[in-house]
Structure formats: structure tokens, C-alpha cells
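Visitor: Work out the full structure: start from the sequences and follow the hints.
Chains as they are written, first to last, in our numbering: chain U, 1 to 931; chain D, 1 to 217.
Take the hints with a grain of salt, since some may be wrong.
Claimed, not checked - Part of the chain U face toward chain D, derived, beta carbon under 7 Å:
no., residue
1, L56
2, P62
3, T183
4, G186
5, T193
6, R200
7, P225
8, I227
9, P818
10, P828
To be verified - Label pairs and their computed distance ranges (CB to CB):
no., chain 1, residue 1, chain 2, residue 2, range
11, U, G931, D, F206, 30 to 38 Å
12, D, L202, U, G29, 57 to 65 Å
13, D, K45, U, N356, 24 to 32 Å
14, U, E95, D, E147, 49 to 57 Å
15, D, E164, U, K842, 36 to 44 Å
Calculated from the structure, these hints are not laboratory results.
In this text, all values refer to a predicted model and were calculated from it rather than measured experimentally.
In this text, a Cβ means the ideal position worked out from N, Cα and C, and glycines have one as well.
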Amino acid sequence: MKVEEDVKIPTACGRCYASCGIKVRRVNGVAVQIEGNPDTDMGARGGLCAKGIAGLQVLYDPNRLNVPLRRTNPEKGLYADPKWKEISWDEALTEIAEKLGKILKEDPRKLLIQITTIRPLYCSFVIKPLFDFGVTNIWVGGGGLHCGSGAHAIAGMVNSSWSIVPDFQNCNYIIYFGASKGTAAGHSSMVSTRLAAEARDRGAKFVIFDPLCNYAGGKATEWVPLIPGTDGIIALTMCNILVNELGVVDWVFLKSKTNAPYLVKEDGRYVRDPETKRCLVWDMDEGRAVPHDYKDIPNYRAACAVNYALEGEYRVNGVTCRPSFQLLKEHLKQYTPEKASQVSTVPAETIRRIANEFATEAKVGSTVVIDGHEVPFRPASAVLFRGGEGHENSFHTCFAVSLLSSIVGSHDVCGGTLGWPARSLGFPETGKFTFSPYKGVDGFLQTDYFGPAVLHPGKRVNEMKNTWDGLVGRVIRETVHDENGKVIVESGSTITRDIAYALARLPERMIKVEPFVTGGPWPLKEPEIRGNAQLKDIYPLGFDPGVFGASDQEEIWQKVNLPYRFEMLLSWGCNTPMSVASFDAVANSIKRIPFVVVSELFNTELTEGFADIVLPDTCYLELMSFSEGRGQNFNYPYGMDDWCYHVVQPVVPPKEQRRSFLEVMCDLLDRMNYRDRRNKSINDFVNFDEKHRLREDEEFTIDGLTDRVLKYWFGETHGLDYIKEHGFVRWKKKVEEAYWRYFVDCRIPVYLEFMVDIKEKMQKITERIGLSVDYTQYTPLVLWSPCSIHLLDSKEFDLYCFSYRDVLHTGSSTMEQPWLDEASAMNPYTYNICMHVETGKKKGLNDGDLIKLETPTGRSVTGTLKLMEGHHPQAISIAACSGHWAKGLPIARGKGTNFDNLLEIDLKHSDPVSLNLETAARVKVIKLQKG
Amino acid sequence: MARWGMVINLNKCIGCYTCMLACKQEHYLPPNMFWARVLVGELGKYPAVRKQEYPVLCNHCKDAACVSVCPTGATTKREDGIVMIDYDKCVGCRYCVMACPYQQRTFYGDDKKEYFPGQGFTEWEVLGRKLYPLEKGTVVKCTFCVERVDEGQKKGLKPGMDREATPACVIACPAKARYFGDLDDPASEVSRLVSERKASQLSPEFNTNPSIYYIAR
Numbered sequence: 001m002k003v004e005e006d007v008k009i010p011t012a013c014g015r016c017y018a019s020c021g022i023k024v025r026r027v028n029g030v031a032v033q034i035e036g037n038p039d040t041d042m043g044a045r046g047g048l049c050a051k052g053i054a055g056l057q058v059l060y061d062p063n064r065l066n067v068p069l070r071r072t073n074p075e076k077g078l079y080a081d082p083k084w085k086e087i088s089w090d091e092a093l094t095e096i097a098e099k100l101g102k103i104l105k106e107d108p109r110k111l112l113i114q115i116t117t118i119r120p121l122y123c124s125f126v127i128k129p130l131f132d133f134g135v136t137n138i139w140v141g142g143g144g145l146h147c148g149s150g151a152h153a154i155a156g157m158v159n160s161s162w163s164i165v166p167d168f169q170n171c172n173y174i175i176y177f178g179a180s181k182g183t184a185a186g187h188s189s190m191v192s193t194r195l196a197a198e199a200r201d202r203g204a205k206f207v208i209f210d211p212l213c214n215y216a217g218g219k220a221t222e223w224v225p226l227i228p229g230t231d232g233i234i235a236l237t238m239c240n241i242l243v244n245e246l247g248v249v250d251w252v253f254l255k256s257k258t259n260a261p262y263l264v265k266e267d268g269r270y271v272r273d274p275e276t277k278r279c280l281v282w283d284m285d286e287g288r289a290v291p292h293d294y295k296d297i298p299n300y301r302a303a304c305a306v307n308y309a310l311e312g313e314y315r316v317n318g319v320t321c322r323p324s325f326q327l328l329k330e331h332l333k334q335y336t337p338e339k340a341s342q343v344s345t346v347p348a349e350t351i352r353r354i355a356n357e358f359a360t361e362a363k364v365g366s367t368v369v370i371d372g373h374e375v376p377f378r379p380a381s382a383v384l385f386r387g388g389e390g391h392e393n394s395f396h397t398c399f400a401v402s403l404l405s406s407i408v409g410s411h412d413v414c415g416g417t418l419g420w421p422a423r424s425l426g427f428p429e430t431g432k433f434t435f436s437p438y439k440g441v442d443g444f445l446q447t448d449y450f451g452p453a454v455l456h457p458g459k460r461v462n463e464m465k466n467t468w469d470g471l472v473g474r475v476i477r478e479t480v481h482d483e484n485g486k487v488i489v490e491s492g493s494t495i496t497r498d499i500a501y502a503l504a505r506l507p508e509r510m511i512k513v514e515p516f517v518t519g520g521p522w523p524l525k526e527p528e529i530r531g532n533a534q535l536k537d538i539y540p541l542g543f544d545p546g547v548f549g550a551s552d553q554e555e556i557w558q559k560v561n562l563p564y565r566f567e568m569l570l571s572w573g574c575n576t577p578m579s580v581a582s583f584d585a586v587a588n589s590i591k592r593i594p595f596v597v598v599s600e601l602f603n604t605e606l607t608e609g610f611a612d613i614v615l616p617d618t619c620y621l622e623l624m625s626f627s628e629g630r631g632q633n634f635n636y637p638y639g640m641d642d643w644c645y646h647v648v649q650p651v652v653p654p655k656e657q658r659r660s661f662l663e664v665m666c667d668l669l670d671r672m673n674y675r676d677r678r679n680k681s682i683n684d685f686v687n688f689d690e691k692h693r694l695r696e697d698e699e700f701t702i703d704g705l706t707d708r709v710l711k712y713w714f715g716e717t718h719g720l721d722y723i724k725e726h727g728f729v730r731w732k733k734k735v736e737e738a739y740w741r742y743f744v745d746c747r748i749p750v751y752l753e754f755m756v757d758i759k760e761k762m763q764k765i766t767e768r769i770g771l772s773v774d775y776t777q778y779t780p781l782v783l784w785s786p787c788s789i790h791l792l793d794s795k796e797f798d799l800y801c802f803s804y805r806d807v808l809h810t811g812s813s814t815m816e817q818p819w820l821d822e823a824s825a826m827n828p829y830t831y832n833i834c835m836h837v838e839t840g841k842k843k844g845l846n847d848g849d850l851i852k853l854e855t856p857t858g859r860s861v862t863g864t865l866k867l868m869e870g871h872h873p874q875a876i877s878i879a880a881c882s883g884h885w886a887k888g889l890p891i892a893r894g895k896g897t898n899f900d901n902l903l904e905i906d907l908k909h910s911d912p913v914s915l916n917l918e919t920a921a922r923v924k925v926i927k928l929q930k931g
Numbered sequence: 001m002a003r004w005g006m007v008i009n010l011n012k013c014i015g016c017y018t019c020m021l022a023c024k025q026e027h028y029l030p031p032n033m034f035w036a037r038v039l040v041g042e043l044g045k046y047p048a049v050r051k052q053e054y055p056v057l058c059n060h061c062k063d064a065a066c067v068s069v070c071p072t073g074a075t076t077k078r079e080d081g082i083v084m085i086d087y088d089k090c091v092g093c094r095y096c097v098m099a100c101p102y103q104q105r106t107f108y109g110d111d112k113k114e115y116f117p118g119q120g121f122t123e124w125e126v127l128g129r130k131l132y133p134l135e136k137g138t139v140v141k142c143t144f145c146v147e148r149v150d151e152g153q154k155k156g157l158k159p160g161m162d163r164e165a166t167p168a169c170v171i172a173c174p175a176k177a178r179y180f181g182d183l184d185d186p187a188s189e190v191s192r193l194v195s196e197r198k199a200s201q202l203s204p205e206f207n208t209n210p211s212i213y214y215i216a217r
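Guide: Have a look at this one:
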């Protein structure tokens with residue numbers, strides 16, 4: 001045959017939220033091969049994962065949606081037959097525009113949006129106009145995040161980032177508490193795979209706390225099985241050993257980078273200067289109390305010179321007080337290896353030994369010079385993610401693990417525990433993409449970029465009460481007047497020190513700067529009832545609660561007097577019925593929404609069961625999208641790997657009548673006569689200046705807009721032509737960015753003082769409205785708190801069931817690709833339910849038996865059993881999110897077992913602080929059939 | 001003349017099946033045919049357990065059993081070590097399939113299998129059969145991506161060092177666990193890895209002298 005064309009298109013993968021750079025080979029108009037882009041750091045430098053390679057089977061799956069569909073069967077439910085009718089785009093969008101337009105006019109809160117977690121950055125741009133209308137209800141994480149609330153909140157407060165990862169390139173001792181860095185999908189999955197493999201090969205020790213010896217546990221130097229949800233007590237025990245037995249503590253870090261020296265009085269609150277309200281510390285050199293920011297601490301040398309007290313008792317303004325570290329030190333004593341062993345089943349000696357090893361390997365006090373900068377060298381790191389944090393003790397567990405790195409001073413320094421890139425000094429040619437943590441309220445870390453932007457719509461940089469440093473150097477996007485109407489600063493100007501000071505003196509107001517502005521978790525908002533459907537107004541630390549699908553949803557909304565109910569659900573991807581929790585509970589909440597519109601690649605359990613209109617979406621191989629690269633502190637290469645801004649560009653034109661969600665949104669806004677507002681949103685997102693902004697009524701093509709945006713951000717030579725050839729823009733990471741901790745003068749908490757006030761304020765509200773909240777975990781000192789699954793006293797429901805990430809899958813979206821299905825069938829564990837071999841034998845079970853798992857509330861799943869040596873005897877596990885039944889997914893249908901149906905979804909089974917859902921369940925095993 | 005071989009680092013390997021699928025992609029293989037596979041298991045007793053991942057493929061043995069049994073001479077070993085199958089000569093007797101102690105050869109008997117059963121062949125499958133035709137009724141297996149190796153060398157590229165001239169499974173591995181090169185060159189990366197890391201062959205007792213070495217965990 002004649003080869004008329006054989007080209008490679010550089011673009012970005014869209015099969016998990018790592019967005020690795022790829023190249024796709026196209027021959028005679030057909031995409032034939034996908035490979036990792038060897039020229040970028042955004043990925044495995046030429047390698048890829050199986051999911052990425054199977055992307056061709058997303059493009060060419062004959063079950064792809066091609067025309068808009070309308071449900072003609074009014075009955076909705078998990079197994080309902082929608083009886084689709086094909087309709088025209090015009091009919092679909094006319095109806096959607098009419099209903100959406102009405103909602104936007106009447107009350108934008110009546111719209112619930114959800115977006116797939118696989119490509120949140122694409123949507124950060126697509127749905128921005130809706131946020132600018134006042135839409136606030138978004139269900140993140142693929143229509144129902146049931147993890148991450150604790151982890152992202154703590155990583156935000158401590159590392160100014162979305163999550164944490166070891167500095168694999170330089171770390172020698174790596175502890176995971178329920179994480180899959182380097183063996184699964186997710187943030188920088190192939191970056192981590194590449195780096196973790198190198199670390200393993202050069203002899204770095206990986207200590208993996210995990211009930212399962214597969215993937216993460218499987219690559220451990222030392223696999224440490226434990227009861228799910230007990231990571232917190234182990235971390236606290238290690239902290240106790242470090243502080244109270246070994247005395248291995250990074251005093252410099254604690255004194256200069258944390259609130260360890262902040263003086264605390266009897267009631268648990270800070271002692272504050274009566275006039276300035278600043279928190280006070282005791283300066284040992286001067287023998288008196290001084291404000292926390294008494295000394296500027298611009299670098300490591302200055303930090304070493306700080307001499308604030310961490311222990312002792314002092315009297316300030318007639319008040320007896322102690323540094324918070326003194327309280328913490330005493331508090332930690334109760335966490336003994338023996339107690340932790342009882343709770344977790346990890347031998348006490350093992351915990352003690354690991355704490356000792358961690359202490360030694362952290363090399364507290366050492367430094368290294370990189371590019372002329374002296375930075376601390378702490379080659380020991382402890383991280384956690386879903387396995388450790390997905391429980392009713394989420395917030396405190398995450399904080400306990402974070403505390404380990406605080407004690408040895410390894411946060412965001414060479415070799416230690418890194419946030420994803422939290423500081424950027426800007427793209428060298430244009431200065432765009434500048435963002436940084438800075439000193440905020442009470443001296444704590446605040447940030448103006450906490451991505452992905454889409455997840456926290458409408459949040460902006462709060463004017464800081466006590467300091468204004470962070471605003472200096474930023475470009476402001478609005479003209480600000482003082483109380484007398486006089487202009488302080490014009491829109492588009494750069495903020496100088498004087499301007500910042502003037503802004504800081506204004507009464508409470510919000511200031512918009514730079515395109516990323518989303519605002520991190522600090523400072524916390526005051527608890528109050530403000531009509532937030534997720535209770536985030538009452539719970540200041542509630543990150544992404546599951547109220548949207550909760551079984552006690554209506555009861556909650558009655559109590560908070562929610563003045564509206566959802567009239568429309570707009571979903572991009574997502575498989576809410578099967579990927580969150582109990583199918584029935586979630587289904588009931590979706591059923592209540594009268595108009596459901598889904599933009600999708602396939603017909604899924606969500607569309608078949610609940611959608612009124614389905615729109616055929618383009619996949620990432622049929623799409624132009626410039627916002628995909630906006631994940632700087634979400635999925636960018638971390639440590640000293642380069643900044644790489646990738647653009648998604650189409651390999652083939654969209655087939656049939658598929659239209660990208662981006663195009664559809666632009667069309668909808670036009671139909672609703674909101675072109676001017678649409679264009680304003682785009683201008684805000686890009687942060688166009690006056691010269692380059694879109695005019696009110698301006699029309700554009702996606703290609704044209706992409707070219708314009710890229711040139712604006714990266715300079716005239718980096719427009720669409722450049723991207724068509726290279727696929728991405730790259731620039732070097734600086735030390736002051738990668739290991740920013742001592743380059744920015746700001747602090748993080750080791751003592752959660754804010755809990756004292758929050759508890760008091762929340763209690764007033766929740767008692768008044770009759771909302772039952774367990775306040776045991778609202779304590780300023782981090783604690784171990786057992787979850788319902790631990791407290792259940794039952795011999796019948798004897799096993800802890802949990803799910804885990806399998807490298808072959810992302811959520812529920814990958815079982816439809818035949819290659820991934822083949823690999824899953826070949827793997828002994830992926831499609832099966834796994835259990836410890838002895839536990840199984842005792843129950844008279846064997847490999848291949850058909851079994852049913854049932855919870856105390858009667859929720860159940862069935863599947864095939866696989867016995868393992870590498871499994872905690874008291875646990876049972878299921879990989880990924882399989883068990884599809886949708887007719888639109890013939891390859892995925894009937895494969896594997898679904899785990900999520902076992903989970904309760906209500907306030908009672910959530911972390912009372914972060915509202916993270918409990919993601920493990922107690923079950924009993926029933927044998928249905930011999931294998 | 002080079003003697004091509006491979007080293008697989010089991011320390012780095014995470015058992016992600018990328019190599020297996022990259023191979024299928026490179027050669028447009030039909031459903032349920034694998035020229036590279038990943039075997040997964042466990043070693044040890046609780047709690048001292050290790051996961052085992054073994055990416056396996058044709059070993060291009062120096063003393064290949066398949067070559068010695070082939071009645072038509074379809075299976076031969078090139079001077080550079082690659083064990084090849086001439087589809088014109090192969091009659092599909094499958095003697096080689098039985099003879100290979102590593103079970104890495106497959107009989108291609110059914111050319112009707114669709115990736116989406118009952119829904120026809122996708123564009124990719126249709127074009128793939130033209131770009132890389134397999135002969136129904138013959139035995140097929142890994143070829144060390146001989147087309148890439150040969151075409152690459154013609155362009156002056158080095159197999160194992162330059163992507164275009166290197167087998168697909170090697171360049172696709174995200175953990176960089178696979179290496180390809182000249183086993184007869186003591187200075188090559190594969191030779192150095194074999195000696196420095198004490199890499200060993202799979203089941204050397206089969207006496208076929210595989211060209212693939214594994215670095216143990």
C-alpha cells in the first residue's frame with residue numbers, strides 16, 4: 001500500500017490527570033501509534049503507560065457517541081433503559097440554552113456541574129464563564145470525590161500545593177502511608193515512575209505501609225502491612241520517638257518555618273500583642289516576647305540565626321504561656337510503639353526501628369549547594385495519599401504524616417518531601433506564570449495559586465490583614481479606588497510596595513491578581529450559614545464533601561435551610577452512579593435533579609440511567625486545548641525537572657458529529673446572548689492586557705484563540721506554529737522554585753490553633769440547627785482518632801475492605817479499552833477480589849471461588865477470589881473501579897468487581913473536619929459458588 | 001557484527017504491561033496475541049513477601065530450540081542473533097511452538113478476531129493489517145523489532161541508543177527497565193549491565209543460551 005503521510009503529532013495524553021507529553025504517529029489520516037515524548041520532563045522521557053498506549057482504542061472504539069441523544073424513557077434509575085432518540089445539535093443546544101439561561105438568570109446555584117478528574121485542567125477553562133456567573137456548585141473528582149479532602153487541605157497549608165511527593169532524585173529513605181507514587185495513575189504518574197525506579201535502582205529504601213503487597217507495596221524494600229486507616233497513629237508514634245526519645249529535631253526549621261515558637265496560653269489560643277494583634281514568640285537572645293515577624297528571615301543563614309524559644313514557660317502581659325512546641329512535645333508522649341502496634345498490628349519494634357532509620361537518614365543540619373544556593377539537604381521523606389487519608393480521621397492523619405517532615409525539616413528542601421511546584425519566578429521571556437507562596441495572616445503560608453483552578457471557583461487572593469508582601473510584583477486586574485473614590489491603582493499595573501500598603505489599608509475587600517488566583521486553604525473562612533450546598537460555609541476545613549450524593553442530603557439541606565434545590569446537572573464525563581459510594585444513595589440524589597446533560601465519549605451508567613440529553617464529545621486526540629498545561633502545582637514535573645507547558649492538539653479531526661465541550665460551551669454562551677461575558681471570562685482566564693483582550697462581541701476560532709493566548713503567554717515565537725512542531729514550551733526550573741522553603745519567609749502550623757475558634761463558632765451553629773457533629777477531632781494538637789470501621793465490635797463483619805489503584809486503570813474509564821482489558825485479565829489480581837491465603841483457607845475458600853462481600857447495612861458486591869500471601873490477614877481488597885453494566889461499554893461490561901457500592905455516603909461516615917468520606921468498609925464474606 | 005540482546009532490570013520494573021501493549025501497537029497484533037507478556041506473582045510467606053514481575057518475550061536464544069526443530073527452515077537465526085520466521089516457508093506445523101521451552105511462539109490461526117467483537121474492524125485494525133501483514137496459518141513471535149533495527153542502522157542510527165532503531169518495548173518502558181544492545185561488545189551498556197549487575201538468564205538449564213538477561217531485585 002502507498003504511504004501518503006507518516007507524521008508524528010506532539011500532544012498530551014488524556015487518560016489520567018498526569019497529562020504526560022506524547023507523540024502520536026499518523027499514517028494516511030489514521031492514528032496508528034502513541035509514544036511518550038522523549039523531549040519533555042512531563043512524563044517518562046519517552047516512556048508511557050499502558051493506558052496511554054491504549055488511547056488509540058478510545059479514538060477508534062465503535063461504541064463512541066456520534067450524535068446527540070435524547071432520553072425518551074422518563075424512568076430513571078441504575079438499570080433503566082433510556083430508549084435513546086437521535087436529535088440534532090441545534091435541538092439539543094436550543095433546549096439546553098433555554099434551561100441553563102433560566103437558571104443563570106434566576107439562581108446560578110441551582111446548577112450542579114461535575115467534571116471528570118481525568119482532565120480537570122481542560123475544564124478549568126471551559127467552565128470558567130459559568131463560575132463568573134455565580135455558579136458555585138461543582139462536584140469535583142469525577143462527579144464525586146471521595147478522597148483527597150484531608151490530603152489537599154494539609155498539602156495546601158504546609159506545602160502550598162495540591163499534594164506531596166518525595167524528592168526521588170535525591171531522597172534515600174522514603175516512607176509511603178497508603179500511596180502509589182511511581183506505580184499508578186495520577187499526579188505526574190509517569191514522572192514518578194521514572195524517578196522512583198531510578199531511586200530504587202540506586203539503593204534508596206522504600207518503606208511502604210500498605211495492607212496490600214501489590215504495586216506500591218510490591219516495589220517496597222520493606223513492605224509493612226497494617227490495618228487500613230491506622231496510619232495516623234504510626235506517624236504520631238514516629239513523631240514521639242523523634243522528639244522525645246531520639247531528640248532528632250530540626251530546630252532551625254521549627255523556629256523559623258513553623259508556629260512551634262508561637263506562645264500559647266491556657267485556653268489553647270495564641271498570645272497576641274494587644275495593639276497589633278500579632279502572634280508573639282519569646283526571643284531567647286533578647287529575653288522578651290516579640291512579634292512572630294520581628295526578624296525578616298529571607299534565607300537559610302538568617303533562619304539559622306533565629307533564636308526563639310521552643311520550650312519552657314513564660315509570662316507575657318500578665319499571662320502564663322508556653323511555646324506550642326512544648327505542648328506538642330508533651331502531647332506526643334502518649335503515642336507509644338506498643339499502643340500503635342495494638343491498633344495497627346505493626347510490631348512495636350518495627351515502628352521503633354523505622355523511626356530510628358528515618359531519623360538517621362534525614363541528616364538534620366546538613367546542606368548542599370545547588371546552582372550557587374545553599375539549601376538544606378534532608379534525604380528522608382514521608383508521604384501519603386488516598387490509602388492513608390481516605391478515612392474519618394483524614395485531616396489529622398494527613399497532618400501527622402506532614403509533622404514527620406516538619407520535625408526533621410524536610411519540607412520543600414533538597415531530598416525531602418516536596419509539594420508539586422508551588423513557586424514560579426515566571427517564564428523567562430515574558431514573566432508570565434509567576435506565582436508563589438507568601439507570608440499571610442499570622443505569618444502563615446498563603447498562596448495565590450492553588451490548582452487546578454477549576455476546583456475552587458471564584459476564590460481570589462484575600463487582602464492580608466497583617467502583611468502585604470505577597471502582592472508586591474503582581475499585576476492587578478482591576479482599578480481600585482480608596483474610600484474617597486480616588487484611584488489607588490489602575491487595572492493592568494504592577495503592584496509596588498507603596499501600592500500594596502495602600503491596598504492593605506482598605507477595609508475588607510477582595511483583590512484579583514494574575515490568572516491563577518484561586519486561593520489556598522489559608523486563611524480559613526469564618527463558619528456561618530451562607531447557603532453552601534456542600535456545607536463548606538459551616539465547615540471551614542471541609543474540602544470536597546460528598547453531600548451532593550449523600551443519603552442524608554435532604555435532611556442536611558433542611559437543617560441549613562438551603563434556599564434552592566438543583567434544577568440541572570451538567571456533567572463532563574464522570575460516572576457518578578458507580579464511582580463514588582453506594583449506588584442507591586448516589587442514584588437517589590441524581591434522580592432528584594430534573595434535567596441532566598452529559599457530554600461524553602460513551603454511554604455509561606450515568607448517561608443510560610440518568611441523562612436527559614447526551615452530547616457526543618471529542619476525545620483528547622480530536623481536540624485543540626491550550627488550558628491543559630495549567631497544572632503547575634498539580635501535575636508538573638517536580639524537584640529540579642523542568643517546567644513544561646504542554647498543549648493538546650488534534651491528531652485527527654473530530655469524527656461524525658462530535659463536538660468538543662469547549663466548542664459547545666462557547667456556542668451555548670452565544671445562544672444565551674452572553675458573548676460579551678464569555679469573552680470577559682476568557683480575558684480573565686488568560687489575563688489579557690488592554691491591547692490583547694477580546695472585544696465584547698468578538699468572535700474567534702479555537703485555533704486562532706490558541707495562537708493568540710500562546711503568543712501572549714510565551715512570546716511571539718511560541719504561537720501555534722511552534723506548538724504544532726514541538727508540542728510544548730519548556731524552561732529551566734530554578735533552585736529557588738524547586739526547593740523554595742527557605743527562599744520565602746512564611747510559616748506552617750505544627751499546632752492547629754485555629755481549631756479552638758472554629759470549634760466554638762461551629763458548635764454555636766450546628767447546635768442551633770440540630771446538625772450532629774463529633775467535635776472530638778477539633779483539637780489544636782494533632783491526635784489519633786479511630787474510625788467507625790475500627791470501633792465496630794463485630795466478629796461477623798471481620799474484614800476491612802478497601803480499594804487501590806491499579807496502574808492499568810483510571811477511575812472507571814479504562815475497562816472499555818480492549819488492550820487494558822486483556823492486560824487486566826492476564827493479571828492475577830486486577831479483576832479479582834484479593835484476600836490473605838490463610839484467612840481464605842480458614843473460611844474454606846479457594847482461588848476462583850465466587851464470593852459476595854456484605855456490609856452491616858446490607859450493601860454488597862460479588863466477585864472472584866484470589867488468595868495472596870502479600871495481604872493483611874484482616875483485610876480484603878478490590879482494584880480500581882470495575883464492574884460496569886452499561887450497554888454502551890460492551891468490552892467493560894461484566895468485568896471485575898465494583899468496590900464503591902460498599903461505601904456509605906453521609907455525614908456520619910465522613911471525617912468531621914475535612915468531610916473526607918470513609919473509603920474502607922467492614923465486610924463479611926459469603927461463598928456463593930466454588931471456583 | 002553485533003549480537004543483539006536485552007537486559008531487563010526487575011528492580012525498576014513495576015509490572016505495568018506497557019511493554020506488552022507497545023509491542024502489540026507496533027506490530028498491529030490481533031486480540032489475544034502477545035509477543036511480550038508480563039508474568040506476575042509473589043515470593044515468600046507473609047509478612048516477608050515480595051511481588052514478582054517478569055516481563056517475558058522471545059529470548060532469541062543463541063542455541064535456539066525452535067531453529068533446530070523447524071522442518072522447512074522457516075525459522076532461522078541471523079548473524080546478528082535475531083531469530084526470524086520466514087512466513088513464506090512456514091507451514092504452521094507448530095513443532096517450534098512445542099519445542100520452545102519459554103513458550104514464546106504463537107500460532108496465528110484466526111484472522112477474523114475483532115477487538116470489538118461483532119462490530120467490525122476499526123480503522124486502526126484495517127490499516128494495521130496493510131502496514132504489517134501477518135500470514136494466517138503461520139507461527140509468529142517477537143522479532144526484536146527487526147524492521148526498526150535494520151532501517152535504523154541504514155540511517156546510521158544505533159539500536160539501543162537511538163529511539164528509532166530500538167525495539168518498541170524498550171523505548172516504551174516508563175521505568176527505563178529495559179536495555180538493548182550488542183552483547184558481543186564488552187563496552188556496550190547491555191554487556192556492562194550483565195557483568196556489573198550480575199544479570200542472569202531465565203531458566204539457563206534449558207541450555208538454549210538466551211540473549212535476554214535479568215537484573216534481580
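Visitor: None of the hints should be skipped; say for each whether it holds.
Guide: For each hint, the structure was consulted:
1. The restraint placing U/L56 at the interface with chain D holds, with a minimum CB-CB distance near 6 Å, inside the 7 Å limit.
2. Interface restraint check: U/P62 against chain D, minimum CB-CB distance 4 Å, threshold 7 Å, status holds.
3. For U/T183, the interface hint holds, since its Cβ comes within 7 Å of a Cβ in chain D; the closest pair sits about 5 Å apart.
4. Annotation: interface hint on U/G186 violated; nearest CB of chain D at approximately 13 Å, more than 7 Å.
5. The interface hint given for U/T193 holds, since its Cβ lies 4 Å from the closest Cβ of chain D, which is under the 7 Å cut-off.
6. Given the 7 Å rule on beta carbons, the hint for U/R200 holds: about 5 Å separates it from the nearest Cβ of chain D.
7. Against a cut-off of 7 Å between C-beta atoms, the interface hint on U/P225 holds, since the closest Cβ of chain D lies about 6 Å away.
8. Given hint, U/I227 at the interface with chain D, is violated; its Cβ is 13 Å from that chain's nearest Cβ, farther than 7 Å.
9. The restraint placing U/P818 at the interface with chain D holds, with a minimum CB-CB distance near 4 Å, inside the 7 Å limit.
10. Hint status for U/P828: holds, given a least beta-carbon distance of 6 Å to chain D, under 7 Å.
11. In this structure, U/G931 and D/F206 meet the distance hint of 30 to 38 Å, their C-beta atoms being roughly 32 Å apart.
12. For the hinted restraint 57 to 65 Å between D/L202 and U/G29, the CB-CB distance of approximately 42 Å leaves it violated.
13. At roughly 26 Å, the beta-carbon separation of D/K45 and U/N356 lies within the given 24 to 32 Å, and the hint holds.
14. Between U/E95 and D/E147 the beta carbons are some 53 Å apart, a value that agrees with the proposed interval 49 to 57 Å.
15. At roughly 56 Å, the beta-carbon separation of D/E164 and U/K842 lies outside the given 36 to 44 Å, and the hint is violated.
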